[in-house]
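**Student:** Protein sequence lines correspond, in order, to chains A and B.
For the first sequence, the working numbering gives the first residue as 1, with consecutive numbering after it.
For the second sequence, the working numbering gives the first residue as 1, with consecutive numbering after it.
Careful: at least some of the hints might be erroneous.
As the list claims (entries may be wrong) - Computed cross-link-like contacts, EDC-like style, restricted to lysine to aspartate or glutamate with a CA-CA straight-line distance of at most 16 Å:
(1) K57/A x E67/A
(2) K15/A x D62/A
(3) K103/A x E79/B
(4) K65/A x E80/A
(5) K106/A x D38/B
(6) K14/B x E79/B
(7) K106/A x D62/A
(8) K106/A x E67/A
(9) K103/A x D38/B
(10) K22/A x D62/A
(11) K9/A x E79/B
(12) K57/A x E32/A
No wet-lab data here; the hints were simulated from the structure.
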Amino acid sequence: AQRVTQPEKLLSVFKGAPVELKCNYSYSGSPELFWYVQYSRQRLQLLLRHISRESIKGFTADLNKGETSFHLKKPFAQEEDSAMYYCAPFFYGGSQGNLIFGKGTKLSVKP
Amino acid sequence: NAGVTQTPKFQVLKTGQSMTLQCAQDMNHNSMYWYRQDPGMGLRLIYYSASEGTTDKGEVPNGYNVSRLNKREFSLRLESAAPSQTSVYFCASTPGPFRANYGYTFGSGTRLTVV
């Protein structure tokens, strides 16, 4: 079964500290992988996608196929990074692919 | 450039009442989706429409119906609202069912409370 796990509900760090938000998935194939971010009471926004290997707002994510993980990292957290982060693999299947969201990790960056 | 527009933004219903949540996109996207967001549960897919004229159930379809009115509009209907349907509802769209690399564009959400 397709499944995505974000083990931490809440992650609290101080400004300037490194951040790693964990994401693990289970899938027999190779999904497309995304991270979405939701700032307080705003709509979800695409943060980054693994296929483009981009860095957005200082965040990066590396796909580890062996561990089936796609952890989100930032070397120095900023207060404006406080938000809800969702890992979202896109699974292909049959006539339709679907984006499956993890339960999310709330990142709180303290001054 | 509006993107994905949802109406209303807030709604309070009494148990048993019905209502329709509206969603429209102006990006010429083929695929549209309805999600609900609950604390500790993340986003769960209710229904989706891969293309105009098709709709399919997602993970949590019970108690909901959808209509893909045309390429732009995808509505979600609650026929008899229940307190368990208190949630924030998000509509999303993407260029096509397999165009995941473009990402999903989300609306701003409808906060629904059923009392």
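**Student:** If you draw a straight line from the CA of K9/A to the CA of E79/B, is it 16 Å or shorter?
**Tutor:** Given pair K9/A, E79/B is violated - Cα atoms ~33 Å apart, limit 16 Å.
**Student:** Measure nothing beyond the straight line between the CA atoms of K57/A and E32/A; if it is 16 Å or shorter, mark the hint as holding.
**Tutor:** 21 Å, violated
**Student:** Tell me if the straight-line CA distance from K106/A to E67/A falls inside 16 Å.
**Tutor:** 23 Å, violated
**Student:** Run the distance test for K14/B versus E79/B: straight-line Cα separation, threshold 16 Å.
**Tutor:** 12 Å, holds
**Student:** Please verify whether K22/A and D62/A have alpha carbons no more than 16 Å apart.
**Tutor:** Holds: K22/A and D62/A sit about 11 Å apart, inside 16 Å.
**Student:** Would the hint linking K103/A and E79/B be met if the CA-CA limit is 16 Å?
**Tutor:** Between K103/A and E79/B the Cα gap is close to 27 Å, so the pair fails against 16 Å, i.e. violated.
**Student:** Would you check the hint for K103/A and D38/B, treating anything up to 16 Å between C-alpha atoms as holding?
**Tutor:** 9 Å, holds
**Student:** Keeping to a limit of 16 Å between CA atoms, is the pair of K106/A and D38/B held or broken?
**Tutor:** Cα-Cα ~14 Å, so holds.
**Student:** Regarding the pair K57/A and E67/A, is the alpha-carbon distance no greater than 16 Å?
**Tutor:** 25 Å, violated
**Student:** For the pair supplied as a hint, K15/A and D62/A, is the alpha-carbon distance within the 16 Å limit?
**Tutor:** 23 Å, violated
**Student:** CA of K65/A to CA of E80/A, is that 16 Å or under?
**Tutor:** Measuring from Cα to Cα gives roughly 31 Å; hence the hint is violated.
**Student:** Hinted pair, alpha-carbon criterion (16 Å max): K106/A, D62/A. Please report holds or violated.
**Tutor:** Violated - the C-alpha atoms of D62/A and K106/A are around 20 Å apart, more than 16 Å.
When each numbered hint is compared with the structure, violations occur for hints 1, 2, 3, 4, 7, 8, 11 and 12.
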